[in-house]
Amino acid sequence: MTMDHDAGKTGDLIVNIADARAHQLGQGTTIRLLRYSEETGDWVLWVEMQPGATFAPHWHLGHGQYFVTRGELIYDVGSAPAGTYGYEPIGSRHAEARCDEVTEYLFMGHGAVAFTDEAGEVRFILNHEFLRDLDRGLHQPDVSNDAREVA
833 MTMDHDAGKT GDLIVNIADA RAHQLGQGTT IRLLRYSEET GDWVLWVEMQ
883 PGATFAPHWH LGHGQYFVTR GELIYDVGSA PAGTYGYEPI GSRHAEARCD
933 EVTEYLFMGH GAVAFTDEAG EVRFILNHEF LRDLDRGLHQ PDVSNDAREV
983 A
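Going by the numbering used here, the sequence shown opens with residue 833, and the numbers climb by one from there.
For the record, the hints were derived by calculation from the structure and aren't laboratory data. A quick note: this is a predicted structure, and the numbers were derived from the prediction, not measured. Check each hint, because a few of them may be wrong.
Label-pair distances were calculated between CB atoms; the ranges are [as the list claims (entries may be wrong)]:
| no. | residue 1 | residue 2 | range |
| --- | --- | --- | --- |
| 1 | Tyr917 | His971 | 28 to 34 Å |
| 2 | Asp851 | Asp874 | 26 to 32 Å |
| 3 | Thr872 | Asp851 | 31 to 37 Å |
| 4 | Asp836 | Thr948 | 23 to 29 Å |
With a straight-line Cα cutoff of 20 Å, these simulated EDC-like cross-link-like pairs (lysine to aspartate or glutamate) come out [said to hold, decoys possible]:
| no. | residue 1 | residue 2 |
| --- | --- | --- |
| 5 | Lys841 | Glu950 |
| 6 | Lys841 | Glu880 |
| 7 | Lys841 | Asp967 |
C-beta atoms are modelled at their ideal positions from N, C-alpha and C, and glycine is treated no differently.
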């Protein structure tokens with residue numbers, strides 16, 4: 833990290849990925865919080881996934897957009913190799929997302945994502961407040977299918 837980064841800063845923001853703290857979100861998944869907004873609920877992540885990393889079942893309570901720069905994101909609606917833009921509308925549900933190779937992408941969330949357990953019960957809500965608290969060191973969640981409970 834070369835300089836302090838305030839992901840909740842209002843107004844203009846320019847941030848280098850190297851200046852955003854890395855947070856482990858389960859087996860093989862690391863995020864860097866680039867921005868979150870208390871006003872709109874929007875958030876932006878740089879996501880790095882190692883081979884075999886997964887996201888547990890979830891549904892989008894707000895829409896999301898992503899752009900894959902390396903590797904391939906694989907989930908129930910298809911495959912998103914490097915160079916792919918993806919859009920996930922409000923209400924879209926995914927049984928799992930995973931990668932088989934090192935994968936990196938920019939994700940822009942516009943609202944919350946609800947992560948569920950095997951019975952379909954909500955484990956936790958990932959939103960701007962959750963990410964703000966994570967960046968402040970208040971918890972280390974596990975978004976993978978391997979998670980048994982969230983810290």
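> Is 23 to 29 Å right for how far apart the beta carbons of Asp836 and Thr948 are?
Replying inline: Once the Cβ atoms are compared, 35 Å apart, the range 23 to 29 Å for Thr948 and Asp836 is violated.
> Measuring from beta carbon to beta carbon, are Asp851 and Asp874 in 26 to 32 Å?
Replying inline: 19 Å, violated
> Within a Cα-Cα threshold of 20 Å, do Lys841 and Glu950 meet the stated pairing?
Replying inline: Cα-Cα ~37 Å, so violated.
> Is the hinted range of 31 to 37 Å satisfied by the C-beta distance from Thr872 to Asp851?
Replying inline: 22 Å, violated
>> With the threshold set at 20 Å, check whether the alpha-carbon distance from Lys841 to Asp967 stays at or below it.
In response: 13 Å, holds
>> Between the beta carbons of Tyr917 and His971, is the distance compatible with 28 to 34 Å?
In response: 31 Å, holds
> For the pair supplied as a hint, Lys841 and Glu880, is the alpha-carbon distance within the 20 Å limit?
Replying inline: Violated: Lys841 and Glu880 sit about 23 Å apart, past 20 Å.
Violated hints for the displayed structure, listed by number in ascending order: 2, 3, 4, 5, 6.
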